[in-house]
Amino acid sequence: MPTTPAIQLKDIVKVYKDGTLEVPVLHAITATVHKGELVAIMGPSGSGKSTLMNLLGLLDRPTSGELWLDGEKVELSMSDNKLAALRAARVGFVFQSFNLLPRLTALANVLMPAQYSHKGDAKERAKELLEKLGLKDRLHHVPGKLSGGEKQRVAIARALINNPDIILADEPTGNLDSKAGDEVMKILIGLKNEGKTLLIVTHDQRVADQCDRIIRIFDGTIEVKHG
Amino acid sequence: MGEYISSAFASIWGNKVRSLLTMLGVVIGVTSVTTLVAMGQGLKNDVSGLIQGLGSNVIAVTSGKVDPSAGAAPNPASFISTDILTPSDVSAIKGLSGVADVSPMSLVATAYKVGTKTATPTIAGTYPNILQVLTVLNLKEGRMFTADETAVTVLPEETATQLFGTASPIGQQVLAGTTELTVVGVSHQNSTSSIFGSTLGTIALIPFDEATVLNKGKVGINRIIVKATAPETVAATKTAIHNTLLAQHNGTEDFSVLTQSDILGLFDTFLNLATAMISAIAAISLIVGGIGIMNIMLVTVTERTREIGLRKAVGATRGAILVQFLTEAIIVTLVGGLIGLAISLSIGAVVAAKTPLHPDFTPAVLATAFGISIFIGAVFGIWPAMRAARKDPIEALRYE
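Top line first, the protein sequences correspond to chains A and B.
Take 1 as the starting number for the first sequence in the working numbering and just add one per residue.
Take 1 as the starting number for the second sequence in the working numbering and just add one per residue.
Source of the hints: derived by calculation from the structure; they are not laboratory data.
Just so we're clear, the structure is a prediction, and the values are computed from it rather than from any experiment.
There may be inaccurate statements among the hints.
[Claimed, not checked] Straight-line C-alpha distance at most 30 angstroms; calculated DSBU-like pairs for lysine-lysine:
| hint | chain 1 | residue 1 | chain 2 | residue 2 |
| --- | --- | --- | --- | --- |
| 1 | A | K35 | A | K82 |
| 2 | B | K16 | A | K145 |
| 3 | B | K16 | A | K123 |
| 4 | B | K216 | B | K113 |
| 5 | A | K82 | A | K123 |
| 6 | A | K127 | A | K192 |
Sequences and hints are given; from them, build the entire structure.
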């Protein structure tokens, strides 16, 4: 069982303000995800899982509470630019709808985040990643020429280009047939075995069953079950 | 930066027709600005060449007030007035120190006829010393008339050929109105110069008093041409002439004393004014082009909201997004500017081949084209780029 906490949430509260109306979305969430864990996040629509993912992905700031990544506290007062740099280094995103840029080739899509992290030899690494994910012959194809499964594999390679510790996947198999979905899950499990920490938002019990454990969210509160 | 530029080109290439239409305004604006400025520059070069041909120690006195430094366009009518400058002005100038020679010029509006042939040189009554004053004018054949001769003329080369062909005109008669003049010499011009708007190469010289006769007894002086003793004394001599004439004219400044640099300055003023007016018109097309750029960039930013969200999610800062979209706008206008410049250079080549104008594409003209393009892109691209940079990544990723 992995023991190093990759992510620690302490009393995380998120309240959205709509004019004068305050809408609480997350109520004092406390949770720990260990390094090398593959965790499913499940819950009905509007339960707050997207908000939680946004906070973990450093796209948003909690209203209060503490967020620790790899034993380092993420300060609420951190500037947007610092947050962006932290995001580029620590977190990789995989989306349900792939979010590939249609004009760019598979290789260029994978390389895109490296533009902001300024890491050297990104091109070689991007090629290696695409080859590893079975896309050796697809390097110079634009997304329009790729199947859904291939697109998601390109997106996974993109999430890995900056070598982050944490991968956040939002319904990664949601737009795929079961065969392509199984392939993607196989890749994600492979990443976990390499020591990455993965959080997957899903509605699919079959996907959740392949994870180490499931975090269920109802009405902005968390219920932890060990799988 | 390389990524931003290649990404900008990819985006432009991805929307070829739209990009082309977007840059059309800039293309037209840059084409018109560079073409017109280059033509103005060419004209300036030609005119400067003409005026410099006069010689640097020549001073011209004209009727009418012209102030080359004021920048206002003088009334052209005042130049032709013959009532203002008088023979006593000529004598007064002649007495000044620093003046080597003085020659008045009195124009006669008539044509020269020999049999059925007619020529229309600019006929100017002057003193024999005009050849010492205007050193660019030389005798090719025959001699200059003397101070006591009447009914004689020195023909310009061009007119001599028109009236007499290859035969020598010396000793022949030409008819000016009803007066018969004997040709005593033929003049030749060393370099292209102009003093009445026409080149010296077409000025027929006659004795000053003969001009008075031909003008039906009216003594009219259009110009007084003065030669200073040396180029260094021109400025002091100019002041002395000015003060003398002011006294002669009882304090009324109804004349102008112009040196070569004054005349150059005067043309510069005219040309700069024309260039400014043309540039103002071209600026309108550039502004319209710029608004087109802004419009399309706003559409682009909206269309690419998800891309912006994605880029921010993978670590792009606001600054990075701003630079990306600003670069794109600048690349669009820069490409438009380069196309405009290419069209402008082609127009310039055609103009140079088909007309007497010689458009001059100086480095400054080329730099202006580049500068304008980048400026338009930056000015009209900044707002859309700021909108892109300000987008919230979560909202942007959710955008359908």
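Against the structure, the hints:
no.: 1; hint: A/K35 - A/K82; in the structure: 23 angstroms, holds
no.: 2; hint: B/K16 - A/K145; in the structure: 21 angstroms, holds
no.: 3; hint: B/K16 - A/K123; in the structure: 28 angstroms, holds
no.: 4; hint: B/K216 - B/K113; in the structure: 19 angstroms, holds
no.: 5; hint: A/K82 - A/K123; in the structure: 25 angstroms, holds
no.: 6; hint: A/K127 - A/K192; in the structure: 21 angstroms, holds
When held up to the earlier numbered hints, the structure conflicts with none and fits them all.
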